[in-house]
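A.B. asks: Chain by chain, the residues run as shown.
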Amino acid sequence: MIGVIDCGCGNPGSIQNMLRKLGHRSVLVKSESDFDGCSAIVLPGVGAYDNVCQKVQSSGLVNRLEHLVLEEKIPFLGICVGMQMLFNESEEGTLSGFGWIPGRVKRFEHALMKEQNLKVPHMGWNIVTPKNANVILNFNEYEELRFYFVHSYHADCPDEYVIGECLYGYKFPCAVQKENIFGAQFHPEKSHKFGMMLFKNFLEYANASN
Amino acid sequence: MLQTRVIPILLLKDGGLYKGEQFKKHKYVGDPINAVKIFNDKEVDEICILDIDASRSGTSPDFALIENIASQAFMPLGYGGGVKSVDDIERLFRIGIEKVVLNTAAYENQGLIKAASDLVGSQSIVCSIDVKKGLFGKEKAYIKSGTKSIKMSPVDLAKHYEQQGAGELIVNSIERDGKATGYDLDLIQRISKVVDIPIVAACGAGKNQHFVEAVKAGASAVAAGDIFTFQGKRKAVLITYPQYDKLQDLFKE
Chain A
1 MIGVIDCGCG NPGSIQNMLR KLGHRSVLVK SESDFDGCSA IVLPGVGAYD NVCQKVQSSG
61 LVNRLEHLVL EEKIPFLGIC VGMQMLFNES EEGTLSGFGW IPGRVKRFEH ALMKEQNLKV
121 PHMGWNIVTP KNANVILNFN EYEELRFYFV HSYHADCPDE YVIGECLYGY KFPCAVQKEN
181 IFGAQFHPEK SHKFGMMLFK NFLEYANASN
Chain B
1 MLQTRVIPIL LLKDGGLYKG EQFKKHKYVG DPINAVKIFN DKEVDEICIL DIDASRSGTS
61 PDFALIENIA SQAFMPLGYG GGVKSVDDIE RLFRIGIEKV VLNTAAYENQ GLIKAASDLV
121 GSQSIVCSID VKKGLFGKEK AYIKSGTKSI KMSPVDLAKH YEQQGAGELI VNSIERDGKA
181 TGYDLDLIQR ISKVVDIPIV AACGAGKNQH FVEAVKAGAS AVAAGDIFTF QGKRKAVLIT
241 YPQYDKLQDL FKE
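Chains as they are written, first to last, in UniProt numbering: chain A, 1 to 210; chain B, 1 to 253.
It is worth saying that the hints were derived from the structure and are not from the lab. Predicted model only: the values in this text are computed from it and were never measured. Here a beta-carbon is modelled for each residue, glycine too, at the ideal position from N, C-alpha and C. Heads up, none of these hints are tricks.
Among chain B residues calculated to face chain A with C-beta under 10 Å, some are:
{"id": "1", "residue": "E43"}
{"id": "2", "residue": "V120"}
{"id": "3", "residue": "Q123"}
{"id": "4", "residue": "P198"}
Subject to a maximum C-alpha distance of 25 Å in a straight line, what follows is the list of computed DSS-like cross-link-like pairs (lysine-lysine):
{"id": "5", "chain 1": "B", "residue 1": "K42", "chain 2": "A", "residue 2": "K193"}
{"id": "6", "chain 1": "A", "residue 1": "K193", "chain 2": "B", "residue 2": "K37"}
{"id": "7", "chain 1": "B", "residue 1": "K159", "chain 2": "A", "residue 2": "K114"}
{"id": "8", "chain 1": "A", "residue 1": "K21", "chain 2": "B", "residue 2": "K42"}
{"id": "9", "chain 1": "A", "residue 1": "K193", "chain 2": "A", "residue 2": "K171"}
{"id": "10", "chain 1": "B", "residue 1": "K252", "chain 2": "A", "residue 2": "K171"}
{"id": "11", "chain 1": "A", "residue 1": "K193", "chain 2": "B", "residue 2": "K252"}
{"id": "12", "chain 1": "B", "residue 1": "K114", "chain 2": "A", "residue 2": "K106"}
{"id": "13", "chain 1": "B", "residue 1": "K114", "chain 2": "A", "residue 2": "K55"}
{"id": "14", "chain 1": "A", "residue 1": "K21", "chain 2": "B", "residue 2": "K37"}
{"id": "15", "chain 1": "A", "residue 1": "K200", "chain 2": "B", "residue 2": "K42"}
{"id": "16", "chain 1": "B", "residue 1": "K37", "chain 2": "A", "residue 2": "K200"}
{"id": "17", "chain 1": "A", "residue 1": "K114", "chain 2": "B", "residue 2": "K193"}
{"id": "18", "chain 1": "B", "residue 1": "K216", "chain 2": "A", "residue 2": "K114"}
{"id": "19", "chain 1": "B", "residue 1": "K84", "chain 2": "A", "residue 2": "K55"}
{"id": "20", "chain 1": "A", "residue 1": "K114", "chain 2": "B", "residue 2": "K252"}
{"id": "21", "chain 1": "A", "residue 1": "K114", "chain 2": "B", "residue 2": "K114"}
Now the in silico label distances, taken between C-beta atoms and shown as ranges:
{"id": "22", "chain 1": "B", "residue 1": "E108", "chain 2": "A", "residue 2": "R64", "range": "40 to 46 Å"}
{"id": "23", "chain 1": "A", "residue 1": "A111", "chain 2": "B", "residue 2": "Q248", "range": "25 to 31 Å"}
{"id": "24", "chain 1": "A", "residue 1": "S58", "chain 2": "B", "residue 2": "D196", "range": "29 to 35 Å"}
{"id": "25", "chain 1": "A", "residue 1": "R64", "chain 2": "B", "residue 2": "K151", "range": "51 to 57 Å"}
{"id": "26", "chain 1": "B", "residue 1": "G15", "chain 2": "A", "residue 2": "G99", "range": "44 to 50 Å"}
{"id": "27", "chain 1": "B", "residue 1": "N68", "chain 2": "A", "residue 2": "D50", "range": "31 to 37 Å"}
{"id": "28", "chain 1": "B", "residue 1": "Q248", "chain 2": "A", "residue 2": "E204", "range": "28 to 34 Å"}
{"id": "29", "chain 1": "A", "residue 1": "D50", "chain 2": "B", "residue 2": "D156", "range": "27 to 33 Å"}
{"id": "30", "chain 1": "B", "residue 1": "G134", "chain 2": "A", "residue 2": "Y170", "range": "45 to 51 Å"}
{"id": "31", "chain 1": "B", "residue 1": "K37", "chain 2": "A", "residue 2": "Y170", "range": "37 to 43 Å"}
{"id": "32", "chain 1": "B", "residue 1": "K159", "chain 2": "A", "residue 2": "A111", "range": "19 to 25 Å"}
Chain A with its partners taken away, still in its complex shape (with noise of 0.2 Å):
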């Protein structure tokens, strides 16, 4: 079973749309007693960062979320600004994330995106490239991986942590990963066939550590 966050702060409908497809079962988490059974959590964020720090903080789930990624190291998957909140803070706003993965979150270099006439939000598909060794960008069969972005900040941490970097205006890490703990700016749940091999990774990597 997967849990899918839901604090009224994100897409989990979309979540949930491409697990079944997959042919896994989801379950939303809007309680902590929701967190029984997964094997997986998933916390899907969209908008603006304070928001969603807010509506995550404020949900009553935060105590048992971190006991399962940090000391059962259950499998974990924070998307957009649920990757966001895997940092310690953001420029986009005054709250603190979980700071689970060292690191901050910063905004598009202004004067270098004007420069290069790029507009922010960074908005559409771009190409990811993988780095270092990691579990859920690992696709042997597509020679280029495409995703969806949507998003005017981005993650600034140390390159151990980074899985996956793209490149709009400068490179910037686009992927992350601590141990059980990943990350993605882009929206695997919206990428089609690239974001179906994503999760299936995931959850393959969740089955094997349990």
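Following the hints, complete the assembly by docking chain B onto the known chain A.
C.D. replies: Okay, now just chain B, sitting in the frame of chain A:
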């Protein structure tokens, strides 16, 4: 690098899929869920669904149908038509919509764009600017599915929406809708010069080369209906979408 998005626009009416000309003469072309399934197999960049009745008649979005459509869409999905409040927008998000397209409510309900972008992020709030030229060539912006003109000029409206917090603009040229003669490049150019947010060119694409022209004029993405729905002079319904490498070559020029 970021790739130019090519977006099929699907028009909803009475639960079916329709196509028209100049925002009128709508003909039934098929079942929306089936169409989305086909577009899904063709790995389209994004889909935009517009309910052409909802805003004209003042009804709410058909949430049940939208949820059904969204459950088949493994690509970004935008929806517009009859969206009036932040509650509507929140509900659309929960059922699997990524982008909400506003037209009438964005203009009439001052503060909606800002409230909505504070909640879901500006990147998800798209405003549609519908433009039609009058008898003497004077260009006007329209609301209510092209039935009511407003005082603000299209360019001023674009600036206004950007200031309010819109993350993207769809520029529709009503008289070119369904004509397959190309986009209104001059309009796209004028709007793209005054705003920093991405612009989606819509209405008028009849061949792939029109996409390239729109991008050269300043569009970040291109949208079309007929070209993906009809085949041949007699306009037989056939859902198509260019292959990825074809699009790559097209925009490389």
